[in-house]
Amino acid sequence: DAGITQSPRHKVTETGTPVTLRCHQTENHRYMYWYRQDPGHGLRLIHYSYGVKDTDKGEVSDGYSVSRSKTEDFLLTLESATSSQTSVYFCAISPRDRTEAFFGQGTRLTVV
Amino acid sequence: AQRVTQPEKLLSVFKGAPVELKCNYSYSGSPELFWYVQYSRQRLQLLLRHISRESIKGFTADLNKGETSFHLKKPFAQEEDSAMYYCALWGAQKLVFGQGTRLTINP
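So the protein sequences, as listed, match chains R and W. Going by the numbering used here, the residue at position 81 of the first sequence is 81; the numbering climbs one at a time, nothing skipped. With the second sequence counted from 1, adding 112 to any position gets you the numbering used here.
No lab work stands behind these hints, which were simulated from the structure alone. Fair warning: there could be bad hints in the mix.
[As the list claims (entries may be wrong)] Here are the simulated DSSO-like pairs of lysine-lysine, each with C-alpha atoms no more than 30 Å apart in a straight line:
| no. | chain 1 | residue 1 | chain 2 | residue 2 |
| --- | --- | --- | --- | --- |
| 1 | W | K121 | W | K206 |
| 2 | W | K206 | R | K70 |
| 3 | W | K127 | R | K11 |
| 4 | W | K127 | W | K169 |
| 5 | R | K70 | R | K57 |
| 6 | W | K121 | R | K11 |
| 7 | W | K134 | W | K121 |
| 8 | R | K57 | W | K127 |
| 9 | W | K134 | R | K57 |
| 10 | R | K53 | W | K127 |
[Said to hold, decoys possible] Rough simulated footprint, nothing fancy, chain R against chain W, three-plus residues with beta-carbon under 8 Å:
| no. | segment |
| --- | --- |
| 11 | 155-167 |
| 12 | 206-214 |
Note that CB positions come from ideal geometry on N, CA and C, so glycine has one too.
Produce the complete structure using the sequences and hints provided.
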C-alpha cells in the first residue's frame, strides 16, 4: 500500500460540533485530495491541494475547509457538522498531474 | 467543467457472460481517463488507464473521443470481479469520479 494514513478511522460526533480529519502521507506526493463516498453519488471531490498552501474547491465544498501547511499532511475540517455530512471520507494522493492516485482506507463519520 | 457519468448504478451478470460497464465524460481539454475498482473492505485501487492500453485482469477499455466514452469490458466475467467500479477523469489539476457501478457476478 502507498504510504497514506487517515485518522481517525471512525468517528461519531454531534450536530454543530467542529470535526477535523487528517490525511498523512510518507510519499512526498504533490497532490492530495479529499472525497466523500455516498450511495448513489459515488465519489465526490470536496477539496484538493496541488502543493503546500495551494488548495482549491471541489464540487461539494460547502461546509468544509482544508489546510495544508506541510507536504505530508492535508486536514479536512467540518466547521459545524450536520447530519448531511455523515459519510465515508477518502483521502487520495498523486505524485503528478494526470497520473495514478492512491487512496487511504477511509474515515467513517457519523453525525448524530 | 469536467464531468463523468456512469449510467448504471447496479449491474448483475452471470459467470462466464460478457461484461460492459459504461462511462461517458465531458471535458473541453484532452482527457486522461481511468477505471478504479473497490473490492469489499479494500481501498480503491487503479484498474487501468487509457494511455497504457493494457489489459488488467481481463478488462480492457477504449477511449472513444467521438462518443466521449470510456467503457470497461471483459469477455468472460468471473465471480471475483464482483466489486464497485468507478470511472475517473483527470483534467485541470483535479481527479473527478463518476457515480460508480456495483457489479455483481452470479454463479
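Cross-check of the supplied hints:
1. W/K121 x W/K206: holds (23 Å)
2. W/K206 x R/K70: holds (19 Å)
3. W/K127 x R/K11: violated (38 Å)
4. W/K127 x W/K169: holds (15 Å)
5. R/K70 x R/K57: holds (18 Å)
6. W/K121 x R/K11: holds (28 Å)
7. W/K134 x W/K121: holds (10 Å)
8. R/K57 x W/K127: violated (42 Å)
9. W/K134 x R/K57: holds (28 Å)
10. R/K53 x W/K127: violated (49 Å)
11. 155-167: The restraint on the segment 155-167 of chain W holds, since 5 of its residues have a Cβ under 8 Å from chain R and three suffice.
12. 206-214: Holds, because 7 residues of the segment 206-214 of chain W bring their Cβ atoms closer than 8 Å to Cβ atoms of chain R.
Hint compliance for this structure: hints 3, 8 and 10 are not met, and every other hint is.
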